[in-house]
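In this text, residue positions in the sequence shown follow the working numbering: the first is 1, and each later residue adds one.
In short, the hints are calculated from the structure, not lab data. Careful, some of the hints might be misleading.
[Unchecked claim] Simulated pairs of lysine to aspartate or glutamate, DMTMM-like, Cα-Cα distance not exceeding 25 Å:
1. K138 with E196
2. K191 with E126
3. K138 with D178
4. K191 with D172
5. K54 with D178
6. K54 with E66
7. K191 with E166
8. K54 with D172
9. K191 with D148
10. K191 with D168
11. K45 with E166
12. K138 with D172
13. K191 with D178
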Amino acid sequence: MGILTDNVNHPAHYEAGPFECVELTRLYPFMGGNAIKYVYRHRLKGREVEDLRKALWYLDHAEPDELRPSYTRRNVRAFGAVTPLLMSSMEVEPGCEGAATDMVVDGLLGLALPDNGATHLLRVLEHADWQGMAPFWKGMWELARGHDSGLTRARRAVSRRINLIESDYSDDELRLLDGWSAPPAAMWRLKARGMEL
Numbered sequence: 001m002g003i004l005t006d007n008v009n010h011p012a013h014y015e016a017g018p019f020e021c022v023e024l025t026r027l028y029p030f031m032g033g034n035a036i037k038y039v040y041r042h043r044l045k046g047r048e049v050e051d052l053r054k055a056l057w058y059l060d061h062a063e064p065d066e067l068r069p070s071y072t073r074r075n076v077r078a079f080g081a082v083t084p085l086l087m088s089s090m091e092v093e094p095g096c097e098g099a100a101t102d103m104v105v106d107g108l109l110g111l112a113l114p115d116n117g118a119t120h121l122l123r124v125l126e127h128a129d130w131q132g133m134a135p136f137w138k139g140m141w142e143l144a145r146g147h148d149s150g151l152t153r154a155r156r157a158v159s160r161r162i163n164l165i166e167s168d169y170s171d172d173e174l175r176l177l178d179g180w181s182a183p184p185a186a187m188w189r190l191k192a193r194g195m196e197l
């Protein structure tokens, strides 16, 4: 059996998106990778609410750093090699070395965050509105860039989607399903439920 047709190693629900899910999840620690995996596939396996509840569980139980991409030892070693060079070229007042080092390292971290490719892949998913979850992908991108507020956005997106899926159809949605015109919000709600008209 070829690797691309192998449903164990390459199931269709992970390959259906703009890229294979594992390309992104392998860049994350366990908690972050699982939250991403369950949102990525939630419409593809037929168990939307179950998968979204699992994603929400990981978001609720993880620390923000567990939801950020992992960086390899090579990335960290590169930091260590560069920091002394930058520090040696700076004029620093005696007694302020620690603060200067912190500023240099913070600046390097800001530059290095996107290096493992996770931020690019998250942007691809956000702009494609993959699974209708652009706010989730944006929240995860914000977390990857070091902004803890991204966790709130990601949680809210998953929670709202669960509530929407479990809610009854509105009158406007029913009108659309019956072939009548309705406000654009009703069309959005139906698309968010997984229906394409």
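Earlier hints that do not hold, by number: Hints 3, 5, 8, 9, 12 contradicted; others consistent.
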